[in-house]
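As you go down the protein sequences, you meet chains U and R in turn.
Under our numbering, the residue at position 57 of the first sequence is numbered 57, and the numbers go up by one with no gaps.
To get our numbering, take the position in the second sequence, counting from 1, and add 1000.
Since the hints were derived computationally from the structure, they do not count as laboratory data.
Check before you lean on any hint, since a few could be wrong.
Here are some of the chain U residues that sit facing chain R, going by a computed Cβ distance under 10 Å [as the list claims (entries may be wrong)]:
(1) VAL24
(2) ASN55
(3) ILE56
(4) GLY82
(5) ILE167
(6) LYS262
For lysine to any residue, the following SDA-like pairs were computed, each having C-alpha atoms within a straight-line distance of at most 25 Å [as the list claims (entries may be wrong)]:
(7) U/LYS36 to U/GLN16
(8) U/LYS104 to U/VAL122
(9) U/LYS28 to R/THR1021
(10) R/LYS1014 to R/VAL1064
(11) R/LYS1008 to U/VAL122
(12) R/LYS1024 to U/LYS104
(13) R/LYS1044 to R/LEU1017
(14) R/LYS1002 to U/TYR68
(15) R/LYS1008 to U/TYR68
(16) U/LYS36 to R/LYS1008
(17) R/LYS1024 to U/TYR68
Because the structure is a prediction, the values reported are computed rather than measured.
In this text, a Cβ means the ideal position worked out from N, Cα and C, and glycines have one as well.
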Amino acid sequence: MDKNENQSELFDIAGQTFNSRLLVGTGKYKDFKETKSAIDESGAEIVTVAIRRVNIGQDKNQPSLIDYLPPKDYTYLPNTAGCYTADDSVRTLRLARELLDGHKLVKLEVLGDSETLYPNVVETLNAAKILVKDGFDVMVYTSDDPIMAKQLEDVGCCAIMPLASLIGSGMGILNPWNLEIIIDRLSVPVIVDAGVGTASDASIAMELGCDGVLMNTAIAAAKNPILMARAMKKSIEAGREAFLAGRMSKKLYQASPSSPTKGIIE
Amino acid sequence: MKISINGKMQSFDKEVLTFETLIKEINLEGRRFAIERNGEIIPKSQFNKYTLNDGDKLEIIGAVGGG
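Work the whole structure out from these sequences, hints included.
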C-alpha cells in the first residue's frame, strides 16, 4: 500500500510520532480500572490529565491514576482545566513539568466562563506566548475562530485544538465550515477538542481533514464506555481513510445509476 | 513552625525542617507529586537541601483524571 492508502500512517506532534489519531481524557470514569480499559480499547497513545492538590493524609498505598497509566506506556498531556487566567495556567503547567520530570508536551486551555467553559482566547494567546518561550510544546484548546487559530499557530503552538461544541456537551460538530477554514489555513496539526458525542461526530471531524480528535466525556459518559472507546477508534480510522480517499462530489439534481443502462430486459 | 499545606495550616515540632523530612512527616514518601513554595517550584533534587520557614505556603500537586 502506498502512504495514502495506509490507514496507519503516522501522525506527528512536536517531533513525536503517533499511530493513533484519537486522544483521550482520563476524567469521569467509574474507577481507574475502567479508565485504563477504555483507554486501551480506544488505542489512544496520548492521554490528558489534570493537575490538582494531592490529598494529604491519604493512605499512600491507595492507587493513583499514575499507577494505572504508567507515564512510560502513555504520552501524558497535562492540562490547565479550571484555569481562568494566563498566569494560573502557566503556573499549573510549570508544576506539571516538575511533576513529570521535565515533560514538555502540554494542553493549554484557559476558560472564560464556568457555565459554558468557553475559552478566553485573549488569556489563551498570552499564556501560549509565555509557555512557548519557556520551552513547552503547546497544544492549545481554542474557539473555532480561524483568525485566533492562526495567531496561536504564529506564536508557536504545536497543535491547534478548536472546539466542535461546548466541553462535555456531546453536541457534535456545529460549525464544519469554520473547521475547514482552520484546516485549510494552518500548517500545524488541527485536532478537534470538545463536543464529540458519538462515533459519527468523530468521523465527520476526520472527514473534514482534522489531524485528530480529543475526547473524554463521549467515551466516559457512554452507558458502556469500553464499547464506545472501540467505536471511537474505528470511527477515527474510518473518517481518516474517507478523507484520504477523497469523497465523490455531491450532485443535488443529477442521479447516476450504479448499474449499466444497457442490456435492460425488454 | 507553622506551614500552610494545600490551604491547611499544620504545625511541626522542629527547628530545622528540610523538604525531605517534611515529605516523610506528611506521609507522601514514594508518591508522585510536585511542590511549590510561596509561588516558587522546589525541584525534587533539592528536597534534602532546602529547608522550610515558619509561615511558608506550600502547594503540593499530582496528576488526576481529566479531559
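Which numbered hints fail
6, 9, 10, 11, 12, 14, 15, 16
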